[in-house]
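Colleague: Residues per chain are reported as follows:
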Amino acid sequence: MDEYIVEMRHITKRFPGIVANDDVSIAVKKGEIFALLGENGAGKSTLMSMLFGMYEPDEGEIFIRGKKANITSPAHATQLNIGMVHQHFKLVENYTITENIVLGQEPSSRFLGLLPAVDIKGSNKKIAELSKRYGLEVDPKKKIEDINVSTRQRVEILKMLYREAEILIFDEPTAVLTPQEIEFLLEIIRGLRNSGKTIILITHKLEEIKKVADRCAVLCRGKLVGVMDVATTSTKTMANMMVGREVNFCIDKDPAQFGEEILKVEDLTVKNHDGLPVVKNVSFSIRKGEIFAIAGVSGNGQTEVADAISGLLPSCGGKILLNGNDLSGTSVRERTLAGISYIPEDRQEVGLVLDFSLADNLALKEYFKEPFCKKGVLQDEAFDEQGERLVKEYDIRSGQGISTLVRSMSGGNQQKAIIAREIELGSELMIFVQPTRGLDIGAIEHIHKQILTQRDAGRAILLISLELDEIIGLADTIGVMYTGEMLNIAPAETLNAIQVGEYMMGVKSV
Amino acid sequence: MNKDSKANPFVRGVLTTLGDEKRQSISIPLFAILLSLIAGAIVILCLGKNPLTAFLSFLQGSGILPKPEYAAKKSIITDLMSMINMWTPMIFAALAVAVALKTGLFNIGVSGQMLVAGFAASITVGYSNLPAAIAMPLVLVIGLVCGGAVGALIGWLKHRFNINEVVTSIMLNYIFQYVISFFINSYYINPVSRQSQPISAAARLTLVDVPVFGLKMDIPLGFLLTIPIAFLVLFLLNKTRVGYELKIVGLNKKAAKYAGIKVGKSMVTSMAISGALAGLAGVTLYLGYYNSIQPRVLTSVGFDSIAVCLLGNSHPIGILFSSLLISIISKGSNYMSSIMGIPQEIAQVITGLILLFSACGAYIRYRVAQAREEFPGGKLQIGAESKEKGGDKV
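Residue numbers (my numbering), protein chains in the order written: chain S, 1 to 510; chain B, 1 to 394.
For reference, chain B alone in the conformation it holds in the complex (with noise of 0.2 Å):
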């Protein structure tokens, strides 16, 4: 690496751009989306289209710029109420694994934990008369309990029996699919739409078709606490003794436990928080955007987030922005392929390319910090480097 950049200049270009431990935390999510449009933009050139009119549709799909025409009772106001609507489990879901990140756990079973609370909340809320003053409350404890439930069980198993986290929430991830779908499919399932029974208009998160100034729209109430809990994640990260704790944890598990934090209970706690937050996307999701669940199905929001969450640098704020993006594209993704016809699948294409060029942020940032670190002692490193293999063969 180090002689690359030496030689390189186009490699120190890129390295100077990218600036300062600091100002990466931006300049890297940005290089990445940067690098994902241009790989998007020459998928779309060989299907022989204008990328600059696709990515333009996006943005008028997902209401952020006006369409040429609308429909009835429509307008650019109902595409971003709408595209909002697909934003808010995303955010949810996002900060859930960055808690979890910052604890050095990595929590794979958001859409999981999103299944249960969403089924939960559904068959004890969703199937009542409750009127919706109180319904809707409900809703959202029952999502906050029965996900962080969930997050809790796999941390205390990885604190108990040490069983890594990642196994056992991709484990208790089919373990939910397929009980779930059996109780939908056993007493709850919708025989015309092959889906759970829809909820009662009261428990859901999401107002349809709400008329205002003569438009139809979605109002998603659940957004209204997206942006106060992500400004929370950041209090309790930063600010709160918990989160202090759960970060010593996560940098430096030997220094953690000589500053006589107890480890495990922190990742117990940590675990617990994610899989809250995991459920607040499950119930916006599944009582919000949607009214019903399609059994034997895990949604996809949950690993998106992951990479979401990496795109956002892990940090509350940094989260909202690229949730944000993520469900631009999705949402826009219908619109562009109507008037550029292009499959949809595209539009997957380019979220996937978003999502693995921002997964490779994290790695660009880890090669510049040890390009940078390998500047004055380059040597050392290729000796230590040098000793790893080598042992080996001996």
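For reference, chain S alone in the conformation it holds in the complex (with noise of 0.2 Å):
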């Protein structure tokens, strides 16, 4: 048992509506990379934030060097000499490098003999010897706003080894680096590994695992699969796992009855608040009656086209022409009206105003035409008569009909909400982002019919989902994103789950 420096033994996790983790067990030795793969939301994160005491698990317990440990706090798992480095760095942006690295425990040293002052110079200088160890090459008196991303990664490794972490998490470490950098990294993990420290590797990413891991942990819905060797096992068998389950629900299709092209997209580049390009020249065209569907693992530039197309996000080249129109430079409002209707990823943010009535919500796109507003004046009404029709047409619950505040409402209900409004715009579009996250099997179903109801009503859609066998049941042609770049486009019947799981990987040979 003590070549285990940790011990995860059936963990459970629960949140309101989901089972994070379900009887997970999972034990790391000491000095080698374990990876951790699995789809999101299949429970990776949550198990390592109970390792780094950010959550607690409802069951299960930790062992830390074959003792039992209660991790309670993030400052606790420090003292055991447990570090992470999250997905989004916590770094202070106007700090310098030695100064986010030593807060928190820094070295004080006397100002003028007398008043105690943090000791900069020592730090720096500390700070400079151990980036030289680790090969983490940074200039420790820059500030965090003057370095780039994976600067700021090696800033956040380091603060880890300057508190003797000897057991690293990464979390999602590559997600944020360029092919060069990731590279880097790699090296500088296998470095970590080899002066003897501990290390788990977060990732969904096969080709990672498969250069520096030596053991895998897979996870699919919150339940361990199987703990394999890397270097015996293929990639092949490691995407199965990972992805390769039999689907669980079966959608009743009838065959498809394309019409003529309603979008049709050129070199679609958009690029992020930082300037990034994350859609790059990504070219598609959906016609009448088609569900065409885009999958990738989650931050591959797919919610961004999405919101190109719907006006959220300006694009920085390439057309978008609805019905041969070109809609560039026109507003959400004129998209809106021109024909798309569009069911954001995040319905709680941008989808809903939540501390408006489902009234107010279900007339969120057309308030400000007749018959709800007249002469500048809303037309209560209008509202009311609206709110009710859709309520009953699309079995919306909620406690107090359409006067709840839709805050108040389930998850489910608030997305049937917002498709029940989009369909009724009656547009030619229907962009679908995300449309089942987080909601239970009888919600997804009847969601499923609902598109494919709109399909064979004759409009065109886009479907944008990282479940894959969501896109596998209801697409027709269906696109693969990788690292903003559209990666294959084919009629779904030629593709099985299986090989849309590598390209979502970006393992291109099928």
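These aren't lab readings, by the way, just hints derived from the structure by calculation.
You may find that some hints are simply not true.
[Unchecked claim] Keeping only pairs whose Cα atoms sit at most 35 Å apart, straight-line, the calculated DSBU-like set for lysine-lysine is:
| no. | chain 1 | residue 1 | chain 2 | residue 2 |
| --- | --- | --- | --- | --- |
| 1 | B | 253 | S | 280 |
| 2 | B | 265 | S | 280 |
| 3 | S | 143 | S | 271 |
| 4 | B | 73 | S | 392 |
| 5 | S | 264 | B | 239 |
| 6 | S | 141 | S | 126 |
| 7 | S | 319 | B | 239 |
| 8 | S | 374 | B | 257 |
| 9 | S | 392 | B | 239 |
| 10 | S | 319 | B | 253 |
| 11 | B | 253 | S | 264 |
| 12 | B | 73 | S | 375 |
| 13 | B | 254 | S | 90 |
| 14 | S | 369 | B | 49 |
| 15 | S | 288 | B | 257 |
| 16 | S | 288 | S | 223 |
| 17 | B | 262 | S | 375 |
| 18 | B | 253 | S | 288 |
| 19 | B | 257 | S | 90 |
| 20 | B | 73 | S | 369 |
| 21 | S | 143 | B | 239 |
| 22 | B | 239 | S | 369 |
| 23 | B | 216 | S | 375 |
| 24 | B | 262 | S | 280 |
| 25 | S | 68 | S | 253 |
| 26 | S | 271 | S | 236 |
| 27 | S | 126 | S | 90 |
| 28 | S | 280 | B | 257 |
| 29 | B | 262 | S | 392 |
| 30 | S | 271 | S | 30 |
| 31 | S | 375 | B | 239 |
| 32 | S | 288 | B | 254 |
| 33 | S | 271 | B | 265 |
| 34 | B | 67 | S | 90 |
| 35 | S | 68 | S | 223 |
| 36 | S | 271 | B | 73 |
| 37 | S | 449 | B | 257 |
[Said to hold, decoys possible] Derived DEER-like restraints, expressed as beta-carbon distance ranges:
| no. | chain 1 | residue 1 | chain 2 | residue 2 | range |
| --- | --- | --- | --- | --- | --- |
| 38 | S | 105 | B | 264 | 57 to 65 Å |
| 39 | B | 39 | S | 105 | 23 to 31 Å |
| 40 | S | 139 | B | 162 | 25 to 33 Å |
The model shown is predicted, which means the values in this text are computed figures rather than measured ones.
Ideal placement from N, C-alpha and C gives every residue a C-beta, glycine not left out.
Fit chain to chain and form the complex, with the hints in mind.
Modeller: If you want it as structure tokens, here you go:
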């Protein structure tokens, strides 16, 4: 037993509505690189958050160096020599690298022999030594705001090393890096292992695991699927374990009847807030009566495609044509009126005004038109009438009918309300982004039926989802996005889940 | 918080008394007022006086209750009118804060907007010979336009350059204060009073010393507008397309953008309306309650109005009541100090306490809502908190 530095036994963690980890047991040996592989929402991050003391498990035990540990806070985890690099860095922008690293454990000195002060000079030296020892070259005196993402990551790693962490957890460390930077990071991780550290790597990229990891645990929907030696397991087997499960709900689908082309996207390029291209020269088209699905692991530019089509994000290049009309330079409202319905990924933050009533939310896209608004004055009866009608037709359940605040409704009913509103717009193009995220099976089935009904009614549908089952089940045509590029577009019947999964992982050979 | 409320029956009791969200809109401001009166009573007790008599004297001084005796040509009515005269600008100023707040903007520059409106109306209409029938409406229009223009400028700066409206409005406050005092001192100063020259009686929105039934009283005509305008603001916010858009922008900018609303335009509109209301407050103060402007001073009305607005739950009708309360205390303080022998500053302390506790009212509401939310999923909340705290130490 002693050979395991970390053991997590029968861990179960529940959040309202979902079981994030279901009886998961893993054991990590000292001095190895242990990878946690799984799709989005498989429970990898939750599991590691418990090891790092951010959550406490509902059931199960954690053993560190053979001793039972009840890790209650990240500070406690730090005492146990556990360190974590989060996906989103936690750095003070206008502090120097040294100041960020020593923050919380500042070495003190006496200013003029009297006043207590932080010994920055000494720290600078110490950080410079530390960074040299592990091959993490940084300039300790630079401010965080002046350094790039990969250097910031190094600062995060140095922060752990400064605190003498022995067990290093990396949460999706390569998500923000370029291919060259990834190579370099993997080199650093190997170096850390060689100097005796234990590394736990959370990722969904098979290549990386193949390159650096010794062993790998696969999680799927909160459950542990298996643990294997990376050296003796093929990438394909791992991909199979991760996504090649049987489809657990069947969708009855009539053969598609394609009509004329509704949406045409040509060489679309979109940049994020930092000016980095997140969508690169993406082209595709959708016909009447077609469900075009974009598959991909989260953060590969799919949602940005949807935002660019709906007008929420400006596109930096390329064309978006709806019925042959170029949409560049038109506002969100003009696009809505031109015939685009959009069910956004974040239903609570974007799709709804949570502190408004259900009736108000159901009219969110039409409130300015008659009959809702006459000469600038809102017509309450029209809001109520449409509200009552949609609640009935779409079976939206709420505590106090149409006057319920949307905040108090369940996620499934919130989504029903958005879908009802967007269908009622009667648009030719409907964009669904993650329409079933976080919903229960009943609601999911209901929404899938609605999507198919809209397809059969002759609308063009763009479906963006992280759920492979959903894509395989619904799509007529599948495109896969990986790091902002459209890797492959093919009719759905020519692809199976494993092939799509491999594209999603960036493993191109089929 | 949730641990406290589980263990502490007092906190539980308070939570139950405050009731659900609908009841809270009234119960929490009342709770805040109660707390402030208790605190005020303690202050008065420390001075060795009877707090009840003191509170009664506030009501007597502001014409709500009769005083034991009156000077010649004065009565309870004259006191009441005088209080209403003070109440009027406070209502407009608090409405100005409320409109901006609905759009998620904090208009802390009401005082500056009031000053600009008051000054512009004074030098144009106030120093002219226009007859009252033209002068008074013109004063109101100038107040609306000037205040609105300043508000729109603040909104535009926020929209165009993303400068925080709090910063711009505070800085503009200083600019207006000093630029206007320069003009007053250079061109419009009355050497005796060290204030600007008094405006013509025809332009003044308050009729002064009008003989009625053998009494001499001030009649604030501006007050006639307050209640209709409060309802107009209510209508604007709840029943019009513009108000609907303002509220969506205030509640959720992302959703507003998604719904096709031009967020920037809504912010400019909201600040323009807020500024226009502040302009009305300015003209009813400087060309109504007063008839001149004291250079280098920003009126406290604009700042008190923020708390008055919060105390009134940012609701136009609530504001009518909360501003009445503050006006009673300000107006009654003279009388209170003269009969009780308590320094007048104590009245200001009590006003300050009410405003302080009313700001806490928003805090109390927040904590109550949080406590309620935490009850079912308490553990999750704690987890999320420690996630934030812990992250910095990694």
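Colleague: Hint by hint, say whether it matches the structure.
Modeller: Here's how the hints hold up against the structure:
1. With a C-alpha separation of about 28 Å, the suggested pair residue 253 of chain B and residue 280 of chain S falls inside the 35 Å cut-off, and the hint holds.
2. For the suggested pair residue 265 of chain B and residue 280 of chain S, the alpha carbons sit about 32 Å apart, so the restraint of at most 35 Å is met.
3. Proposed proximity of residue 143 of chain S and residue 271 of chain S is supported: the alpha carbons are some 25 Å apart, at most 35 Å.
4. At roughly 68 Å between alpha-carbon atoms, residue 73 of chain B and residue 392 of chain S are farther apart than 35 Å, so this suggested pair is violated.
5. Taking the CA atoms of residue 264 of chain S and residue 239 of chain B, the gap is about 40 Å. The hint is violated against a cut of 35 Å.
6. Note on residue 141 of chain S and residue 126 of chain S: the hinted pairing holds, with a Cα-Cα distance of about 12 Å set against a maximum of 35 Å.
7. For the proposed pair residue 319 of chain S and residue 239 of chain B, the alpha carbon gap of about 40 Å is over 35 Å, so the pair is violated.
8. Restraint check for residue 374 of chain S and residue 257 of chain B: satisfied, since their Cα atoms lie roughly 22 Å apart, inside the 35 Å limit.
9. Taking the CA atoms of residue 392 of chain S and residue 239 of chain B, the gap is near 25 Å; set against the 35 Å cutoff, the hint holds.
10. In summary, the hint linking residue 319 of chain S to residue 253 of chain B is supported, as the alpha carbons are separated by about 27 Å, within the 35 Å threshold.
11. Among the hinted pairs, residue 253 of chain B with residue 264 of chain S is consistent with the structure: their alpha-carbon atoms are about 29 Å apart, no more than 35 Å.
12. Simply put, residue 73 of chain B and residue 375 of chain S have alpha-carbon atoms about 52 Å apart, too far for the 35 Å limit, and the pair is violated.
13. For the given pair, residue 254 of chain B sits about 25 Å from residue 90 of chain S by alpha-carbon distance, which is consistent with the 35 Å threshold.
14. Pair hint residue 369 of chain S plus residue 49 of chain B does not hold up; C-alpha atoms about 63 Å apart against a cutoff of 35 Å.
15. For the hint linking residue 288 of chain S to residue 257 of chain B, the alpha-carbon distance of about 28 Å falls within 35 Å, and the restraint holds.
16. For the proposed pair residue 288 of chain S and residue 223 of chain S, the alpha carbon gap of about 40 Å is over 35 Å, so the pair is violated.
17. Between the alpha carbons of residue 262 of chain B and residue 375 of chain S the distance comes to roughly 19 Å, so the proposed pair stays at or under 35 Å and holds.
18. Distance check on the hinted pair: residue 253 of chain B and residue 288 of chain S sit about 33 Å apart at the alpha-carbon level, within 35 Å; holds.
19. For a cut-off of 35 Å, the pair hint linking residue 257 of chain B to residue 90 of chain S stands: about 29 Å separates their Cα positions.
20. About 59 Å separates the Cα atoms of residue 73 of chain B and residue 369 of chain S, which puts this hinted pair outside 35 Å; it is violated.
21. Proximity of residue 143 of chain S to residue 239 of chain B is assessed by CA-CA distance (about 51 Å); at most 35 Å being required, the pair is judged violated.
22. Proposed proximity of residue 239 of chain B and residue 369 of chain S is supported: the alpha carbons are some 14 Å apart, at most 35 Å.
23. Taken as a hint, the residue 216 of chain B and residue 375 of chain S pair is broken in the structure, with Cα atoms around 47 Å apart against an allowance of 35 Å.
24. Under the criterion of a C-alpha separation no larger than 35 Å, the hint pairing residue 262 of chain B with residue 280 of chain S is consistent with the structure, at around 28 Å.
25. Distance hint between residue 68 of chain S and residue 253 of chain S is unfulfilled; the C-alpha atoms sit about 52 Å from each other, more than 35 Å.
26. Distance restraint check for residue 271 of chain S and residue 236 of chain S: the Cα-Cα separation of roughly 33 Å lies within the 35 Å cut-off, and the hinted pair is therefore satisfied.
27. At most 35 Å may separate the alpha-carbon atoms for a hinted pair to count; residue 126 of chain S and residue 90 of chain S meet this at roughly 21 Å.
28. Restraint check: the Cα-Cα separation between residue 280 of chain S and residue 257 of chain B comes to about 25 Å, which is no more than 35 Å; the hinted pair holds.
29. A distance of roughly 32 Å separates the Cα atoms of residue 262 of chain B and residue 392 of chain S; the hinted pair therefore holds under the 35 Å criterion.
30. Proposed proximity of residue 271 of chain S and residue 30 of chain S is contradicted: the alpha carbons are some 42 Å apart, above 35 Å.
31. This hinted pair checks out: residue 375 of chain S and residue 239 of chain B have alpha carbons roughly 11 Å apart, not beyond 35 Å.
32. For the suggested pair residue 288 of chain S and residue 254 of chain B, the alpha carbons sit about 30 Å apart, so the restraint of at most 35 Å is met.
33. For the hint pairing residue 271 of chain S with residue 265 of chain B, the CA-to-CA distance comes to about 25 Å; that is within 35 Å, so the pair holds.
34. In summary, the hint linking residue 67 of chain B to residue 90 of chain S is not supported, as the alpha carbons are separated by about 65 Å, beyond the 35 Å threshold.
35. Distance check on the hinted pair: residue 68 of chain S and residue 223 of chain S sit about 23 Å apart at the alpha-carbon level, within 35 Å; holds.
36. Our distance criterion of 35 Å between C-alpha atoms is broken by residue 271 of chain S and residue 73 of chain B, whose separation comes to about 76 Å.
37. Simply put, residue 449 of chain S and residue 257 of chain B have alpha-carbon atoms about 29 Å apart, close enough for the 35 Å limit, and the pair holds.
38. Taking the beta carbon of each, residue 105 of chain S and residue 264 of chain B are about 45 Å apart, not inside 57 to 65 Å as hinted.
39. Roughly 43 Å separates the CB atoms of residue 39 of chain B and residue 105 of chain S, a value that falls outside the hinted 23 to 31 Å.
40. At roughly 31 Å, the beta carbons of residue 139 of chain S and residue 162 of chain B sit within the given window of 25 to 33 Å.
Violated hints, listed in ascending order, are 4, 5, 7, 12, 14, 16, 20, 21, 23, 25, 30, 34, 36, 38, 39; each of the other numbered hints is respected by the structure.
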